[in-house]
Every structure is written in structure tokens, then in C-alpha cells.
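Asker: Assemble chains B and C with the ligand onto chain A, guided by the hints.
Respectively, the protein sequence lines represent chains A, B and C.
Here the first sequence is numbered in the numbering used here, starting from 1 and rising by one per residue.
Here the second sequence is numbered in the numbering used here, starting from 1 and rising by one per residue.
Here the third sequence is numbered in the numbering used here, starting from 1 and rising by one per residue.
Bear in mind the hints are in silico, worked out from the structure with no lab data behind them.
Below, in silico cross-link-like pairs of lysine-lysine (DSBU-like), each with a Cα-Cα straight-line distance of 30 angstroms or less: (1) A/Lys441 / B/Lys252; (2) A/Lys9 / C/Lys25; (3) C/Lys25 / A/Lys396; (4) A/Lys307 / B/Lys106; (5) C/Lys25 / A/Lys378; (6) B/Lys111 / A/Lys396; (7) A/Lys205 / C/Lys209; (8) B/Lys205 / A/Lys470; (9) A/Lys482 / B/Lys42; (10) A/Lys441 / B/Lys42; (11) C/Lys209 / A/Lys200; (12) A/Lys106 / A/Lys9; (13) A/Lys479 / B/Lys252; (14) A/Lys441 / B/Lys205; (15) B/Lys205 / A/Lys391; (16) B/Lys205 / A/Lys378; (17) B/Lys205 / A/Lys307; (18) A/Lys29 / A/Lys9; (19) B/Lys120 / B/Lys106; (20) A/Lys441 / B/Lys46; (21) B/Lys120 / A/Lys391; (22) A/Lys482 / B/Lys46; (23) B/Lys106 / A/Lys412; (24) C/Lys25 / A/Lys391; (25) B/Lys106 / A/Lys419; (26) A/Lys470 / B/Lys42; (27) B/Lys205 / A/Lys396; (28) C/Lys25 / A/Lys307; (29) A/Lys419 / B/Lys42; (30) B/Lys111 / A/Lys391; (31) B/Lys106 / A/Lys378; (32) B/Lys111 / A/Lys378; (33) A/Lys412 / B/Lys111; (34) B/Lys205 / A/Lys9.
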Amino acid sequence: MSGVALDPKTAAAFPIAARTALGDTQMRKNVRHATEVIQAKRARVVAEMPDWQQLREAGKQIRQHTMEHLDYYLQEFEANCTRAGGVVHWARDAEEARRIVVELVKASGSDEVIKIKSMTTEEIQLNAALERAGVHAYETDLAELIIQLGEDQPSHIVVPALHKNRQQIREIFKRRMNLPELGETPQDLADAARMFLREKFLRVKTGVSGANFLIAETGGVCIVESEGNGRMCLTLPETLITIAGIDKVVPRFEDLEVLLQLLPRSATGERMNPYNSIWTGVREGDGPQTFHVVLMDNARTEILADKDGRNTLNCIRCGACLNVCPVYRQTGGQAYGSVYAGPIGAILTPQLQEMHHAESLPFASSLCGACYEVCPVKINIPEVLIHLRGKVVQQKTAGVSGLFDVEAVAMKAMGMIFKSERRFRAAQRLGRMSETPLVRKDGQGVGWISWLPGMLGGWTQVRDLQEMPKETFRDWWEKRGKHGK
Amino acid sequence: MRWGNILSIEFNALADAAGGLALRVSLFITCYNDTLFPETGKSVVKVLERLGHTVEFPAGQTCCGQMHYNTGYQAEAMPLVQRFVDQFRDAEAVVVPSSSCVTMMKDHYPKMAEEIGDAKLMADVDALLPRVFEFSEFLTRRLGLEDVGAYYPHRVTYHASCHGLRNLGLGDGPQRLLRAVRGIELVDLEGLEQCCGFGGTFAVKNADVSSAMLAEKTTAVLNTGAEVCTACDNSCLMHIQGGLHRQRAGVKTVHLAEILAGEETVRR
Amino acid sequence: MGSEAITAISASARAEVLRRIRLAKGGTSDANAARTGWSNVVRQYRRETAQAASATLEMFEDRLRDYDAHVERVVPAEVAGAVAKMIAGRGKRRMVIPSGLPAEWLPPGLEFVVDDGMSAVELDAFDGVMTGSTVAIAETGTVVLQNAAGQGRRAITLVPDYHLCVVNAADVVETVPEAMERLRATSGLATTFFSGPSATADIEMTRIKGVHGPRHLDVVLMT
Ligand code: SF4
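Looking at chain A on its own, in the form it has when it is part of the complex:
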């Protein structure tokens, strides 16, 4: 994975990437540990809120309402931000967003930028674009720094380096910061990062950030963080460039009273994260004197147009669905082939690709529903997964090739079978006959199948299958009726 950006267009299908990931025992241990810790913390601080469900409902409604009036709120944000001295730009796609940011950085007269963790900039692979333009970006979030120095890729939307343990991080820092004597406690490592970055904070004149919320009513921007690196990037540079998906807008300042309760408790299991910054345009004598916001679509309007997929845009990127997901727990994030991993990644990534790539992701779920249960804005992820599966199948079965797709043919045949009780019975008999050659009896006389052909072989990889009973329930029921009961 190292160094090669996670790009859904080129990434391996999930089942293949997952197989590789499952072989990485160290990573799996790290992921298990980290997700268990966050889940426990989250559960504790959520349980102490008597109105958690009411907050979730309000969160969902606020987000839904925002999407219904997205055009209005974006323009309101633009007007208010501009009035306060900010400059608002619009971008249709990743390519335009990158061009705008690169140009703005150059115009700021700097060939370096300090960056706050931002999934949106990861999504558009901004750092590589800056590098090509001769601009070096310093990631300042500790986890992002670990990823950047380790030439690795993020595996979680909130804690991007959770797949690395302290020894691995120490190795990276020792090598890249040139600190042969570096200790290995988390404190030592955080101190090293502080030292390494301090000089950059005090020197670099241009900052790049994402945004958690854009406040339409005031034109303000809100960023939620822990380390203070965010505040450094938002406060010390002369120029600040913020890039945000158009889905990040919220109607009013007051709405933060809901989102600022839902987000920290869900994301890191804290009552409130250490720092929230809210700033509005430019203020003389306080912070950057040049401020740009880039509002980016990049397929979000495509998602908005799909009434069954639209809820995906309500996401506030808390990561709770990743932490609770039993699939993510096994594979970690990189198997998802996208900077958006886990359940939200499984629905967001294919839709951001306009359903042209990442078709395996909607199937990377057992539909257990744990994600929906924790989602602070109540996105019914399983339902969206099923909806997207339908879209994938439609694409796959359209045209002639669909006639030769083994799965599609089998599924359609079974669909026919279930439409008639007579055909269903015939199929039950046929099933019993055709499995016979595969059945081996055990000591108790019970038949078991330990090998199945083709696609079904996935089952017998680690599981046996008991043979079909000699008599179906409905046969028994009919016989019973004949015998007078």
C-alpha cells in the first residue's frame, strides 16, 4: 500500500484486498484494540446523555432539511462569508478543486503549506497535486503525520493511523525525523511530533484545511479537533484556504448545539473534543488576513439526485460506524480502496464514483445493522447498501452480458422457482439429488458436505454443510394431515 494513494478507480475489489489485509496479523490486532477502546468510550459518554435519541433525531432532521434547501443555504453561506471578507470559489469536481487550490497557494507566495486533517483533501489527492506544482504540504495532525512520513495511507476517517502501533510509529519517526534516541511511550512520540511541527507552524505562511461545518446564517466555518494543530493552521498563517464538500453546510449557528453534541461523543468518545474553532471571514489583527473557501461538488449532486442514496450526504464523518463494524474490525480500512472506509465508505465511495468503480463495496457488509444503530444522524446504511446492490445488479445484468453472468442466471432462476409452490417442491427434490455425490456420512450417520463447486466454494472454505434432510417440512405436514392430525 505504501505511498500509492487509495484510489477507487484502480483499487482491487474488496474481497481480494480483504484477503491481503487478513494476512496482516499486526494490523488486525491494532485495529481490534483501537476500535474496542473507542467503542467503549463512546458507549460510556452516550449512555450518560438522557436525550441522546432526541439529539439523533434532531441531527437527522437538520441534515435532511439542509439537503432539501442546499442551493439556498450554499448561496447564503457564500454571501455571508464574502461580506465578512472571505473569498468563495466553486468547483464541479476534484480536478477543478485541485487547480483552484494550487493556484491560490501559488498566489499566496508560498511553496509550503501546513495542513489540517481533511478527508476532502484526501478524497481529491490534493497533496500529490501540490507536490507536482512544487508546493510541499506538511500534514500536522499526528495521525496524518504518521501516514505522511510513513508513506502510508489512511485507514480510518477520524483516526487515520489506528492500524499502526507505537513501535511502528517510533520506527517511522526515528527514521524520518532523524531521532535515533526516540523513546517509545505515546508521550515520547507526541512530544517528537510537537517539536517537529512547531517550527513549521511558526514559519509557514499558508494553511490548508477542510471544514466540519459551514454556517450559512453567519458565513462562519467550524472545525473540530483535538491537538491544537488545527488552531495553529487556522490562526498563524497569513493565508488560509479551506476546502469543503457542498454537503458540509448547516443552516444556522444554533444548529451547532445539536451537531457539537453528536459529533465528539460519536467520534472519539469525548464529551467535547479539546478544541472547536469557529471563524467568520477575515478579522483584522486576528488570524489569516486572506481567506478562501472552495465549495466542491465532486459527485455530491449525483448522490443528491438519488432519493434512496441521498441520506449518505447527511454524514458528519464521525467514524462511529467504522468502529462498530464487524467487517472493518477484521480488515481495517485500506481494503476498502478509498480514503472513506467502513460502512460509510461502502456507500459513499461507489456513489462518489458515480457507480462506475468500487462495485464490490456495497457487498462488503453482512447487513448486521450495527452502523445504523450508532450513526448520530441516523443514516440507515444497510438500506442504502441494499439499494446500491440493486444498482450494481442492474448495471451487471443490463444487455447481453447479463445472460452469461452465473450469479444473475441462478438468482433469476430461483426467482422463478419461488413464484410457484410446485416449482419450489421440484427444486427441493432436485437439490437433494444433486448434492448426493458431495455428501459424506459422519460417525453418527449424519451427512456433511465439505466441498462445494464454483462460487459456493466460499462456504466450504472453512465451513461444512449438513446434508439436506430426507423429508421437507411440508412433506411432513401433509403426511401428518393424512394420518389424522
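Answerer: The following block gives chains B and C with the ligand in isolation, referenced to the frame of chain A:
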């Protein structure tokens, strides 16, 4: 002999107290229970009849459409909504020994009927669904029972299927039924909320991940020292059993209905 | 590509993105529709406190101590004394302060320098910073600062390694919604919420105090 008589009197009384009269219960066995787990169906019949209710089995029933729907073949699942309504329209109560099939119906049928655009079907679905119960739910919620007079002298652990736990909100209903079984030794399963990794076609399409999830589940089951693992859903159990048998672990899986159908052999 | 070029991209992108949004949701929204829709959002969460002010203060202190902050509750006349004690306890001496900080809070014998737009490097040379605050939230152990008299610009509470904050008990509310209500009138000011000292859990989910922001926090609660 004595036991049988005493029990049947006692249970009729219980059934009366809980729901008044004996009910006419329509069994929706589901396609895979019908084909692969007939014992579960027989046990449901046995328990319900023991409690004094009448069981009917509409012969035209086939499948709820879950596998198709969840795998992306929604078009193939659509006709099964009408079929289900036709078969069970007049039922006093529909009992289904599968939490995932009930979830399929409760979570998706209304939307599917709407998509088909058939107002009559929508109304029928809305009228029928409140009468559809997962088996344990029927006992605890509809009949208000915990003790159904079962005897099962084994060490048992209960696996909460995801659909039962989250979509149907069965809560500790199944455990309460189990605790009331005579002779049983019920042990808690660690990681109760964790999926076993079945997920229908997920187990085949993502066989490796599914296997990793299963490994955690079978480890938890083995750690309980139970000889039997039970659940409200044979699909999870088939998965768990498949893994346990491959390991020759000596633990079997049994649907909840089969435990509740257990009786002392001294009868009659 | 120059700045005219990005202005051109932006203008055409703006029109196109807005067009796509309207197409996607089937219509154009306006202020009236947005206002109506917004007021229909169901807000059944707690928006007022249900406890006595004394309980809220205790909760606030409790949560701050959870973050390892030192907290001292004093009457106004004792603020300077408490400040002296805390600064001495941390072994600090040279503090930067914003303009407008009440002079009676400052004990003699220590160096307090009023910020006059110092550079980050200059700020870095101070032992700490002392400010007032706008609002505090007990339930989350949060203090909110705005760019106002006695609180100053954002950089001064960021670069120095130690922050001593005076919170007026009358400004402590229990819940987040109560705080947002109080902040609404001045929502346009640069605003910072801080809850404990800066921290990270990026390494094995172990919470470590103090990364880039102040690593130590003390609060004088003035009743
Ligand atoms: S989908 Fe929900 S739980 Fe997942 S990251 Fe988004 S807001 Fe959080």
C-alpha cells in the same frame, strides 16, 4: 402420563390468561427452514399445539424474498410480497421461526408495495404486518409467556442474531424463554452484539472476511463450554454449525423452537 | 493559469453546481421555504438546565478536573491571590495577557505583558497566557473564548504552553444549547471552545495531554 396431563391443563390456562382464547396460528416456515431445517418447523408446531393453539400451514407459501432483495435482485423479490399477502391474508397470527425473514417483511414490504404502486397491496401489507411475529416474539409479546413448559437438560448458550437484536428489538425475550426451561444451564455468550459473519450471500461473496468473523464467534461459543448454541435464526446457526463441525468441536446448534419443544420422555 | 482563470472556473462551476442541485431535488429553494422547513425540525432534546446553579458549578469543576486542570473557586476579591498561587504552582512567571483584562485580577510580583499583536515567535517565548472567558459549559467541561476585551485574539491562547483562565460563575451553563444561545449575539467573532488541554489519542487510542496547544490549563472560578 401425569406430567402430560398436568402440563396441558396448566398451559391452556396460561394461554387463556395471556391472550384469552386459543389462537389460529398460521405458520410461515420460510423456504430454507422448509428445505433444510424441518425439525424447527415441527418443534414450532409442537410448542404452539402444546399451548393450546391451532396451527395452519398455507400450502402455497414459498419464500419471503430476502436473499434476492438483499443481494440486489429486488425485481425478483417483488412478486413474493403479493404471494405472501395472498397466502396469509386471513391469518389471526402469522408465526415465523426466522428473525431475518420477519425483518425482511417488516422493514421492506411496505416500501416494496409502494414501489410496485399497488394501493390495494400497500393496504393489505399494512393490515397484515402487525399480525406477523417472529416465533419467540409471538410467545413473549403476543402471548405474554416465558415458561412454555419445556425440559432441556443441557448447557446452552444463546446467540442473538443481528436482525432479531437490532431490527426486531427482541431484547432479552429469547433468554427469558430459555431461563424458564427446566433442566437448562444457560451461559452468556461474550460479544453478543457481534455479527457471526453470515449475512446471506456475504458468506460466499466475501468468504474470507466472513470466515474471520465466524472464527471470533465460534471461539466465543467454545469459551462458554456449552454443548448447544441456540438462536432465533437457522441461517446464523447453519453458519456457526458449519464452522464448529469443520473443527469437529463437539458443539451443536439448535433452533430455539427445538429447545422449547423439549419434554421429559416419561410422558404417556 | 492565473487568478482570472480560477475566477472563470469558479463562476461557471457555481452556476453548474447550483443547477445540478436544483435538478437533483426538483426545484429552487428560497428564504421562505428554508425558514419554514427549519422551524419544523423537531427539537426534543434538553435546551434548558434542570438542576440548581450550584450543581452546575460542581459539575463544571468536576469535568475540568477530569481533564487534569487545576480549579479554584474564589470570590472576586480573591482572584489575584488565586492567580498568584496557580502561576507559582506551575513554576511560571512571564505571562502574556490580552488588553481589557481587569487589572485587579493581576497579582503583583509577576510579569504581565499586554499583547500588542506580537508575532508567533514572540508569543512562544512566554511562560503562559492569562485570559477571561465568554461562556462555560459544565456538562462538557468546556470554556468558550471570543475575540473580545479580556480574551483577545486566538493566537495568544494557542502558542504559549500554559493557559490560566478566569471564568465568571454567572457565565457557567449546564448544557451545550444554553451556551449556544448565549453566544448567538456575538457569533461573528472568532470563537474557540476548549475542553481541557490539547490532547491526542492517535497512538493506540491512549490519551496524551498536550500536543500543540497549551499543555497545562488552570481555571479560577469567580463566584
Ligand atoms: S455514516 Fe453516520 S456513523 Fe458513519 S461516519 Fe457518517 S455520521 Fe458517523
